[in-house]
Amino acid sequence: MLDWIDDINWTDLLLQVGNIAIRVIAIVILYFIVKSIGTRAIRKVFNRKQDEMNLGRAKTLESITQNIFTYFLLFIFAGFIFSIFQFDITTLLAGAGIVGLAIGFGAQGLVSDVVTGFFILLEQQIDVGDYVTVAGKDGVVEEVGLRTTKLRGMDGTLHFVPNREITNVSNHSRGNMRALVDIGISYDDDIDKATQILQQVCERIAVEDENIVEGPDVIGVQAFGASEVVLRVIAKTKNGEQWAVERNLRKAMKEAFDQNGIEIPFPHQVHINKNA
Amino acid sequence: MLDWIDDINWTDLLLQVGNIAIRVIAIVILYFIVKSIGTRAIRKVFNRKQDEMNLGRAKTLESITQNIFTYFLLFIFAGFIFSIFQFDITTLLAGAGIVGLAIGFGAQGLVSDVVTGFFILLEQQIDVGDYVTVAGKDGVVEEVGLRTTKLRGMDGTLHFVPNREITNVSNHSRGNMRALVDIGISYDDDIDKATQILQQVCERIAVEDENIVEGPDVIGVQAFGASEVVLRVIAKTKNGEQWAVERNLRKAMKEAFDQNGIEIPFPHQVHINKNA
Amino acid sequence: MLDWIDDINWTDLLLQVGNIAIRVIAIVILYFIVKSIGTRAIRKVFNRKQDEMNLGRAKTLESITQNIFTYFLLFIFAGFIFSIFQFDITTLLAGAGIVGLAIGFGAQGLVSDVVTGFFILLEQQIDVGDYVTVAGKDGVVEEVGLRTTKLRGMDGTLHFVPNREITNVSNHSRGNMRALVDIGISYDDDIDKATQILQQVCERIAVEDENIVEGPDVIGVQAFGASEVVLRVIAKTKNGEQWAVERNLRKAMKEAFDQNGIEIPFPHQVHINKNA
Amino acid sequence: MLDWIDDINWTDLLLQVGNIAIRVIAIVILYFIVKSIGTRAIRKVFNRKQDEMNLGRAKTLESITQNIFTYFLLFIFAGFIFSIFQFDITTLLAGAGIVGLAIGFGAQGLVSDVVTGFFILLEQQIDVGDYVTVAGKDGVVEEVGLRTTKLRGMDGTLHFVPNREITNVSNHSRGNMRALVDIGISYDDDIDKATQILQQVCERIAVEDENIVEGPDVIGVQAFGASEVVLRVIAKTKNGEQWAVERNLRKAMKEAFDQNGIEIPFPHQVHINKNA
Amino acid sequence: MLDWIDDINWTDLLLQVGNIAIRVIAIVILYFIVKSIGTRAIRKVFNRKQDEMNLGRAKTLESITQNIFTYFLLFIFAGFIFSIFQFDITTLLAGAGIVGLAIGFGAQGLVSDVVTGFFILLEQQIDVGDYVTVAGKDGVVEEVGLRTTKLRGMDGTLHFVPNREITNVSNHSRGNMRALVDIGISYDDDIDKATQILQQVCERIAVEDENIVEGPDVIGVQAFGASEVVLRVIAKTKNGEQWAVERNLRKAMKEAFDQNGIEIPFPHQVHINKNA
Amino acid sequence: MLDWIDDINWTDLLLQVGNIAIRVIAIVILYFIVKSIGTRAIRKVFNRKQDEMNLGRAKTLESITQNIFTYFLLFIFAGFIFSIFQFDITTLLAGAGIVGLAIGFGAQGLVSDVVTGFFILLEQQIDVGDYVTVAGKDGVVEEVGLRTTKLRGMDGTLHFVPNREITNVSNHSRGNMRALVDIGISYDDDIDKATQILQQVCERIAVEDENIVEGPDVIGVQAFGASEVVLRVIAKTKNGEQWAVERNLRKAMKEAFDQNGIEIPFPHQVHINKNA
Amino acid sequence: MLDWIDDINWTDLLLQVGNIAIRVIAIVILYFIVKSIGTRAIRKVFNRKQDEMNLGRAKTLESITQNIFTYFLLFIFAGFIFSIFQFDITTLLAGAGIVGLAIGFGAQGLVSDVVTGFFILLEQQIDVGDYVTVAGKDGVVEEVGLRTTKLRGMDGTLHFVPNREITNVSNHSRGNMRALVDIGISYDDDIDKATQILQQVCERIAVEDENIVEGPDVIGVQAFGASEVVLRVIAKTKNGEQWAVERNLRKAMKEAFDQNGIEIPFPHQVHINKNA
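Chains as they are written, first to last, in full-length UniProt numbering: chain A, 1 to 276; chain B, 1 to 276; chain C, 1 to 276; chain D, 1 to 276; chain E, 1 to 276; chain F, 1 to 276; chain G, 1 to 276.
Accuracy of the hints is not assured; some may be wrong.
Cut-off 30 Å, straight-line C-alpha distance, at most; resulting in silico cross-link-like pairs (DSSO-like, lysine-lysine) [stated by the list, open to error]:
hint: 1; chain 1: D; residue 1: 137; chain 2: F; residue 2: 137
hint: 2; chain 1: D; residue 1: 35; chain 2: C; residue 2: 59
hint: 3; chain 1: C; residue 1: 236; chain 2: D; residue 2: 236
hint: 4; chain 1: B; residue 1: 274; chain 2: E; residue 2: 35
hint: 5; chain 1: D; residue 1: 137; chain 2: C; residue 2: 236
hint: 6; chain 1: F; residue 1: 254; chain 2: G; residue 2: 193
hint: 7; chain 1: F; residue 1: 193; chain 2: C; residue 2: 274
hint: 8; chain 1: D; residue 1: 236; chain 2: E; residue 2: 236
hint: 9; chain 1: A; residue 1: 274; chain 2: D; residue 2: 274
hint: 10; chain 1: E; residue 1: 254; chain 2: E; residue 2: 238
hint: 11; chain 1: D; residue 1: 59; chain 2: D; residue 2: 236
hint: 12; chain 1: A; residue 1: 193; chain 2: G; residue 2: 193
hint: 13; chain 1: D; residue 1: 238; chain 2: C; residue 2: 236
hint: 14; chain 1: A; residue 1: 274; chain 2: C; residue 2: 274
hint: 15; chain 1: E; residue 1: 59; chain 2: E; residue 2: 35
The set of hints was computed from the structure by calculation and includes no laboratory data.
In this text the structure is predicted, and so the values were computed from the model without any measurement.
Let the sequences and hints guide you as you build the complete structure.
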């Protein structure tokens, strides 16, 4: 009943398995040697050119070149490895179609990554060093690749985002940004007087803070809050300086209100007393 | 055991790889030369015509022409590159079907982008300079393309939205907009008197503010709030001026209430005191 | 090594490209001429008939006819253009299958739009001028098309909704609407007395306001609120007049309560005082 | 260079187009005539039988018959129209496969609608006049069709729900419903006494209100609220009368508590006073 | 030009259509007769056996048998009807493939329903009369079918849930349930004393209430609330009695606290008074 | 016209149907006999071995063996049943392809279940008796199967989770757990003193409670609350004992604070009084 | 009628089934022997090398090697098992295609896992011991595998995350992290003075706490709170020490404010008293 085991030519099988293993190992070693040489060569080339170009763009170009080199290599060596297996294991296994199916499905995700990555690079949506929001994560771009984009989050976390996950790219490092401060005044205070004080602060800050490109200006009564009338101030600032400008504006506006006796009101409530 | 390495004709292989590399590089260089020439030519043509046409429409048309030119070029050169690889690498790799599959999947996303982009342009849903909301992002359109639409967000962020992500287009720059202000009065105040004061403010503003197209009018008691009776005022304004009109209305209404002794009430609460 | 460039017959290629370009341009021009003539003819026909028919329906029919005409034309001319490319570029490019695949995917979305649009029109779910909610947007229908439906939002925004995005259609312009007002009375007030006062207001309004079709009626104690007993009044009104009726009812009910000394209570809270 | 235009037999083409147009128009007219006759015939038949049957079921059956008749007709005439186009346009256009693909995709959604609709009708999940919740919309069924179900929302809106959107059907018009009233008493009040008073109210209402099928009964202490002990009363009522019963119960319970000096407590808060 | 109409053999066509109609009607009538006979026979058989078996299981088995019978019948008669159409309409319509496609898509949903339904029945996840939560709806099972499961919601609504919508089944009628009551005591009260009082209540209830299987027990300090220390009591009860047990426990615990002078505290707040 | 009925060989048909029915019934009976015998045999074997092995692992292995046996059986008998139908009904029905399609779709879900289940078992992600969270449900595992996993929820509910719904498995019964208690102190209290008192409590509990593996320790000021400074205490406990340890810690910390006069503060609010 | 049973060669069938069973068991036993030997060999090799390499990297490499070995083995043995079934059962069952389909679907998920896992390892996104957030779970990596990644959650739970569920990887163990503390001061306090005190604390902590890499610094007025002006302090810390640094900063800042009489304000409210 167990004579089916004899049907398999064990010597032949072991030879084949061993043969494959040696070839695979040889190719893997070769892969790492070639990759290491190529990677260093590319880095050297770009290190020389760094002086002539913009730093962020140089890094992006280097990262792309490295990526294309790596995937080209991976593709070629994958070809070698498949060519080895194709003549050995597939004769062993009847279900060769399953392997093909599996590779097809695997390739699908990878192709999605590469195609998206290709257009991100082609349309220069992202440069290394940009502050961006992609796939619900925001951070500073550390590396743009054909398959993965690496972001350094504000809290220090390193996010690896596969390019297929990137749909909308929101790039916060392209052109001037807007600073916006809302400040509340009491319903009893005079809107005109408060606006005038704020506008004076705005004009002083506009001179003092060289990160401001346009404004700041008081644009008017933004809302009727529950306990305060909300005034809005906006300015256009240099890229990346919007938060600093907002903080400056907040401090200056608070101090101007203090000096002019205008109150930033606490929540109010009218109490009607009854006795139980 | 390692004689399988001899099966590969190394000289031939290297020649082939080198050959391919040179052709690809030649084509890529050619691509950038042709693209650069074409792009400038198109820009020149449209710069001349800018005087005769509406600016936003001229920019849109230029951006479309540039797009079609770029993708036409990309398509042709991709054809060249594929024709090179087809006769070389695919003979090297048995798994040519995988390449085809991969390109198919890659093309799918691209075609979705282009088809959607085509109809956005055909139906003139978006012009450069319009303020729109698409795919959850809102901003001013900087460029409409066949593959990607670029929006400049209110805070200065540049959004790259692939057209496939655009389903509904909400265009805020087509025709008059509505200004809407809700204001609360005390439950003790007379609704008729408050309405009359607000209506007078409305009529004055309607004359003063040339951005108002229709109204403003007090339309009545919108809601019974927890501590106030809410009155609603609406107006029709010129496009893009709705927020300025609302701010004007808020300031004028607050000042009119102050003059007439009508209170915008704080939250009220009835307290019933018990002793523990 | 670069002799592969000679393999391509450059003269022939350029002639072919030029030839295609001229034909495409000729067809595109022809398309716009025919479209313009057809569109005006259809408008003229419907302008004459507008007197005889209901305006909204006439506009809907015109918009449909225009749509069918446009897509019929587009279809025919697309046929011409494909027939041109089919005999030229596809011989140039080996990857003709990719083009077919791409068109198939592109067509899929378009067909979804047209099929959905066809049934929306066939079942008359939407007329021009109706106030509807589709795909999470609500507004007044400006145009119903085979591919796209245009809504004018309440705030003036123009929404372009591809028909494939439309699943449920909620049409707010078909038949009478309901006005609903909830009003709170104090836990100390007599429910019967308050109901009686409100019912009197309802009966007066029912006579005064010709937009009311049925009711209004006080239907009873809807809820025990934290600080008030909530009474509900509902009425059936003419289409589009529900909000005006609600505003009328709110004003009248508030005034009737004021006259009869029934309080709309503020939030209550029982305070138990302890000393620290 | 433009002699390719001569390749097309213009006379023949125009004749063909005209020919198709006439046939299509003839078929469309025929379609509307047959549909109109059939629709009236079906209505007549059902009007006669309305006396003998339950009204809601009769309307449902009529609506189904109308639907099947319409789609049968549409199917036949679509067959005629396709047979016309098949012998003409498809010879003109090489891309006949695209048409087939498109129809396939279009049919998919339609078939989903019809199959779902078929089972909704077969299993009698919905009758005309039922109050149901489907696909996140609730309302009274105005028409059940093979493709679309029409609901009249509570606020008067007419919802068109494609059957494919209907997964769960929640039918609120099948059998008795439950009325549920939660009422809070003070932590100081006696639970037994309050329960007894509420139970007396329940027994009185059970006799007075003929819409009540079972109960109402006080089932006990449902929760410890922040400021009150919550008692729950439930009853079984005739279909559609649950809200009226709840309103009756609320009024009666409030009045009984007033008579017996049991308080429905306001939110409580313990205040500990410190001085700054 | 209209002679194409002659191409169709009208007499033959009408005969065919009539012929099909008669056969379809005959088959439909036959279907209803056979179904009615079979349904009654199955009911009779199960009515006899009801005495010998558990009621819920008997109903489930009857409902399954009815289902299998119905779908078997439907399947056979569908076969007859398709065989009729296959030889007639499909010769009329060229697009037979569309019909096949449509049926395929339709079958997909149906098969999903039946396969899921089959495993629900095989693994006895649901019996008639069980209180379950499936597909976001909870209620008592009225009928388990191969295609649809009917639930009677707590408020009386009848939910029709297609089996494909059922992923997780949460069956609340299998084995003992847990009763859980959280009760707050003041930060000033002694935790040990309160625990002791509650434990005495628990022990008394454990004896009195025969629906309790295990416990109840005070398990300790569950949380530090804003104004109270939360103690938790849990018990194991007979199936379906958990809510009644919880209500009993709440009442008893409240009364025990009243007798022992332990306060269930209201929200506390410390007030620090400043003068403006 | 009705002579088509004669075309069907009724006697033959009935014989066939009867024949099939008998075979199906015979196979079903055989299935239940074999299943019952096999199930008991497996249980017996595992009952004997239970003494030698860990109980949870023994139950898991038994449940897997039962599962594999059941599905193996089901597979074989399904083969018999299909072989019967294949030679009979499919000759009756032309649409055999539909059956194949249907089975394919049905198999898809089943295969997803089995493959996921296989890896859950292979990687020992779940044992019977583990407390896990899968597919949004948490509970104690009652049975792990190839198709379905049964969880007993904390409230007693029995969840049937198809394995395909299981993506992440969160197993709460593998290794030590963490106990975490946050406690607030007044802004007026000394952080060092409070930390010292808590640390003393921690050290005492660490000795007393043998379920604690590491800690507990006060790790510092976790947050500035609105009215309190939040201190955090964490400990490592034996598996399943984390809640008991947290309750112990809470009680002990509260009592230590009481003894040392450190207040767990109520919400604070500063009141500024104005007169209307 | 039952003679169809004779058609099956029972003896032959049983022999076949037995034969298969024995082979399968033999292969399964062989699998476990080989796996056990291989696993131990790999562990031994890595244990020796642990001294020379970084611990986390060594563990990752070992875990990968184990994984590849296991799946390689599984693949080979699955080949044996399928080869057995292919020649036996498939001749028994007509529906061999179903098995193929099923395996294809099963393989799809597995391939997704392995491809994603491959790139996670290739790009070194995760090492054993890293603190990461993947697929909505966060924890310390216990094992990275080709199919599953195991995380130990903060509360002790062991999460098994299939690699296909991993899209974005957020690795919190790569480089320095940021500590961030927001602290509120009263609207009455001087911003400059408070900033100065905080900055002094920052400078002291910067010296004392060696886990701080950069800063901490007071960056300014982050927001106007309802009752406080919010100041923000940020620092760069060694990886994993950010929470400890934040706790240190909070304690030191609180104590510095206490010493300098700067208040961290409670929520404020302005009360306007009316009498009912």
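Looking at the structure, which of the earlier hints fail to hold?
Going through the list in order, the structure violates hints 4, 6 and respects the others.
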